[in-house]
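Below are the chains, spelled out letter by letter.
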Amino acid sequence: MERQSLNRVMSLGISDLALECVMGYIDDPRDREAVSLVCRKWYRIDAITRKHITIAICYSASPDRLRRRFPRLESLKLKGKPRAAMFNLIPEDWGGYAGPWVCEIADAFNCLKAVHFRRMIVQDADIGVLVKARGHMLQALKLDKCSGFSTDGLLLVARSCRCLRTLFLEESSVTENDGEWLHELAVNNSVLETLNFYMTELRISPQELELLARNCRSLISLKISECDVSDLVGFFRTATALEEFGGGSFNDQAGEINRYERVCFPPRLCCLGLSYMGMNEMHIIFPFAASLKKLDLQYTFLSTEDHCQLIQRCPNLEILEVRNVIGDRGLEVVAQTCKKLRRLRIERGDDEQGPEDEQGRVSQIGLSSLARGCPELEYIAVYVSDITNAALESVGTFSKNLCDFRLVLLDREEMITELPLDNGVHALLRGCTKLRRFAFYLRPGGLSDVGLGYIGENSNNIRWMLLGNVGESDLGLLQLARGCPSLQKLELRSCCFSERALALAVMQLPSLRYLWVQGYKASPTGKDLLAMARPFWNIEFIPPRQDIGDHEFEDRRGGVESQAQILAYYSLAGRRTDCPETVIPLYPPA
Amino acid sequence: MSRPTVELDFFGLEKENAARLRAMEPKSSIRGIQSAISRIDPQLLKSVFAGGAGSAVFRPSAPVGESSRLVLSPPPSPLPVLSPASSKTGNESPPGTAPLTIFYQGMVTVFDLPQDKAEAIIKLAEDVNRVSQQEGLLEKFNEDLPMARKKSLQRFFEKRKERLTALGPYEGEVEVRKEKTRKVAAATDVVTASNF
Numbered sequence: 001m002e003r004q005s006l007n008r009v010m011s012l013g014i015s016d017l018a019l020e021c022v023m024g025y026i027d028d029p030r031d032r033e034a035v036s037l038v039c040r041k042w043y044r045i046d047a048i049t050r051k052h053i054t055i056a057i058c059y060s061a062s063p064d065r066l067r068r069r070f071p072r073l074e075s076l077k078l079k080g081k082p083r084a085a086m087f088n089l090i091p092e093d094w095g096g097y098a099g100p101w102v103c104e105i106a107d108a109f110n111c112l113k114a115v116h117f118r119r120m121i122v123q124d125a126d127i128g129v130l131v132k133a134r135g136h137m138l139q140a141l142k143l144d145k146c147s148g149f150s151t152d153g154l155l156l157v158a159r160s161c162r163c164l165r166t167l168f169l170e171e172s173s174v175t176e177n178d179g180e181w182l183h184e185l186a187v188n189n190s191v192l193e194t195l196n197f198y199m200t201e202l203r204i205s206p207q208e209l210e211l212l213a214r215n216c217r218s219l220i221s222l223k224i225s226e227c228d229v230s231d232l233v234g235f236f237r238t239a240t241a242l243e244e245f246g247g248g249s250f251n252d253q254a255g256e257i258n259r260y261e262r263v264c265f266p267p268r269l270c271c272l273g274l275s276y277m278g279m280n281e282m283h284i285i286f287p288f289a290a291s292l293k294k295l296d297l298q299y300t301f302l303s304t305e306d307h308c309q310l311i312q313r314c315p316n317l318e319i320l321e322v323r324n325v326i327g328d329r330g331l332e333v334v335a336q337t338c339k340k341l342r343r344l345r346i347e348r349g350d351d352e353q354g355p356e357d358e359q360g361r362v363s364q365i366g367l368s369s370l371a372r373g374c375p376e377l378e379y380i381a382v383y384v385s386d387i388t389n390a391a392l393e394s395v396g397t398f399s400k401n402l403c404d405f406r407l408v409l410l411d412r413e414e415m416i417t418e419l420p421l422d423n424g425v426h427a428l429l430r431g432c433t434k435l436r437r438f439a440f441y442l443r444p445g446g447l448s449d450v451g452l453g454y455i456g457e458n459s460n461n462i463r464w465m466l467l468g469n470v471g472e473s474d475l476g477l478l479q480l481a482r483g484c485p486s487l488q489k490l491e492l493r494s495c496c497f498s499e500r501a502l503a504l505a506v507m508q509l510p511s512l513r514y515l516w517v518q519g520y521k522a523s524p525t526g527k528d529l530l531a532m533a534r535p536f537w538n539i540e541f542i543p544p545r546q547d548i549g550d551h552e553f554e555d556r557r558g559g560v561e562s563q564a565q566i567l568a569y570y571s572l573a574g575r576r577t578d579c580p581e582t583v584i585p586l587y588p589p590a
Numbered sequence: 001m002s003r004p005t006v007e008l009d010f011f012g013l014e015k016e017n018a019a020r021l022r023a024m025e026p027k028s029s030i031r032g033i034q035s036a037i038s039r040i041d042p043q044l045l046k047s048v049f050a051g052g053a054g055s056a057v058f059r060p061s062a063p064v065g066e067s068s069r070l071v072l073s074p075p076p077s078p079l080p081v082l083s084p085a086s087s088k089t090g091n092e093s094p095p096g097t098a099p100l101t102i103f104y105q106g107m108v109t110v111f112d113l114p115q116d117k118a119e120a121i122i123k124l125a126e127d128v129n130r131v132s133q134q135e136g137l138l139e140k141f142n143e144d145l146p147m148a149r150k151k152s153l154q155r156f157f158e159k160r161k162e163r164l165t166a167l168g169p170y171e172g173e174v175e176v177r178k179e180k181t182r183k184v185a186a187a188t189d190v191v192t193a194s195n196f
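Chains as they are written, first to last, in the UniProt record's numbering: chain A, 1 to 590; chain B, 1 to 196.
Be aware that a few hints might be false.
[As the list claims (entries may be wrong)] Heads up, simulated DSS-like pairs for lysine-lysine below, C-alpha to C-alpha not over 30 Å straight-line: (1) B:K151 - A:K79; (2) A:K293 - B:K123; (3) A:K79 - A:K339; (4) B:K150 - A:K340; (5) A:K142 - B:K151.
The hints are simulated quantities; they were obtained by calculation from the structure and are not laboratory data.
Please put together the full structure from these sequences, using the hints given.
Written as structure tokens, this is what we have:
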């Protein structure tokens, strides 16, 4: 009795029921974290009202523990392989198996409606278990950059998940047995809103897409694998609610000059990305270019001039993704035209392309114009061929809304106009106070130890950092580690830091929960790394290897060799038990 | 470091340093020398090689440990990195030594040294300046870790290459020629094989 009245007093006279209702409105994970620490009662109520959990690395907790902590989850996002997997740097069999999680979901998570696996290995059997248990309630299934399953698994989904609103398979490696799954999806589902199998090799027939459009009147987003756009005329005519389309392909053939003239896009279309589109087909976008909010040109065959022609017709663009063929000239057009631009990504073009790249370079000129012309920018990711401190200062001065800034200095030019970039990065970080994600990939001499110190001092809100080829010595890393109060995830590549310095830095960074390193000064026995051994800190080592396998990235010298990697992360689940040969757990000991 | 006097015995340095230097790549040695020698205290250099510009005169071999004079011994073979490739026509080096030429602040000095002694000088120079060592290491890192490409873009470039090289069975030669003469962009007129 007494204890109960004490609890009631502590909850300020609010009944449990009322508390549950109120907490239902609190979604931000950091607020939730704070709420759960107030007292046991609030902890319990948070536990049963928490709706969504993201687990940044699936080995940081066991499925069982998740179930005990948050039994009534409605939405779960799990990430497996390190981010470097998107760059072919992680062995395919590294891990991140969905199996154990799917078993727990099937067993215990009775409220789960949305599942998102990113960079994980998902097998048909796993999908089978999942849909058998949750298929009747599943509204969103995302197998995002996953591998290990086939179209048979998709067939199971199509047949069992009739309430599915979102099916997302972007960039997954799917073994193709047949195209039945799409037919089954079209026939069994009437509420689908988002279907995405962009950047997969799945082969589908346009007729099935048309059938889907007929049955799913709410379809607003479709991103597909390769399929000639001229075959989609019927689909576009039927999918009248469509707002986003991506993928397809263009194939000019002799004798059919007006092959794409018949294509008429749905009236509400405002997000577009057309693969392999060239200069000759570009004009089919012109009629509605002015209403475009999102445009993806990364997988097109457009020149610098083409980019200028197209973008100057898009004053309402909010999201733009291109390769660096856009050039400084194209960025000038963006700066003048796209005043509402919030997100811009400029990817790295193909080095082997000859004449195209004469204009296809982005430098400090384009970056400065961009900063000045587009004040609403929240996200900038850019591969530059040249850079100056002044350009970074411009970003710091004008891009006040920037939350995410990523700059990579390409290694093709011998001479860079101005290095090191100490002062520029200093000004940028001081000016962009809202920055939460930051990547800075340079070359030796690009940033001194002093510059690293600047980064440390001016990164109050930054949670994720990727640093490449920065600093001169261990001192630089230690200066960085003295700052960065919010840094949770740190990726280092091609730097000169010793194991000892890495260990010291890890121990010093107050918020660090995840570290990935490739390219560092290894100690003779590797035991300097264990200086960062501590409870709940998993340390894994991927030894250097020769011959990665199918997906070898470019190496100018022709040899394929991968340097050692260190992966360390906080974990409540203890040492991994499913490591392949290529991954060696160093701590905790077996 | 030590006092800048003739008594300084650089050449009494242990053989293990010489062995370590031998293990280093010649390339970084050159870089090391070139940038590091410029940072040696000029007084130190001058005092050690007292005798000024031009060929120095050395005493014959004396046991290691005599710190008051330069000690030399016949080398097994000169370091290619240190000895100028061209032979010195007029001058004769003492047997078992080879010339070491130092360019420093407009002054050129040539010494005839055995290999181990020469290596010892390199070691000294590199020790003096660790930053240049770091730079060498950084450059080595850059070579070993080329910038990684994103998978999705890599696939796109491979497909683009396939499209450029593929020849449709019914395509005329005209199309192919047009393709090849096009300078701009990445193949806007794409010639492909028949579609699915």
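| Does the structure break any of the earlier hints, and which numbers would those be? | Going through the list in order, the structure violates hints 2, 3 and respects the others.
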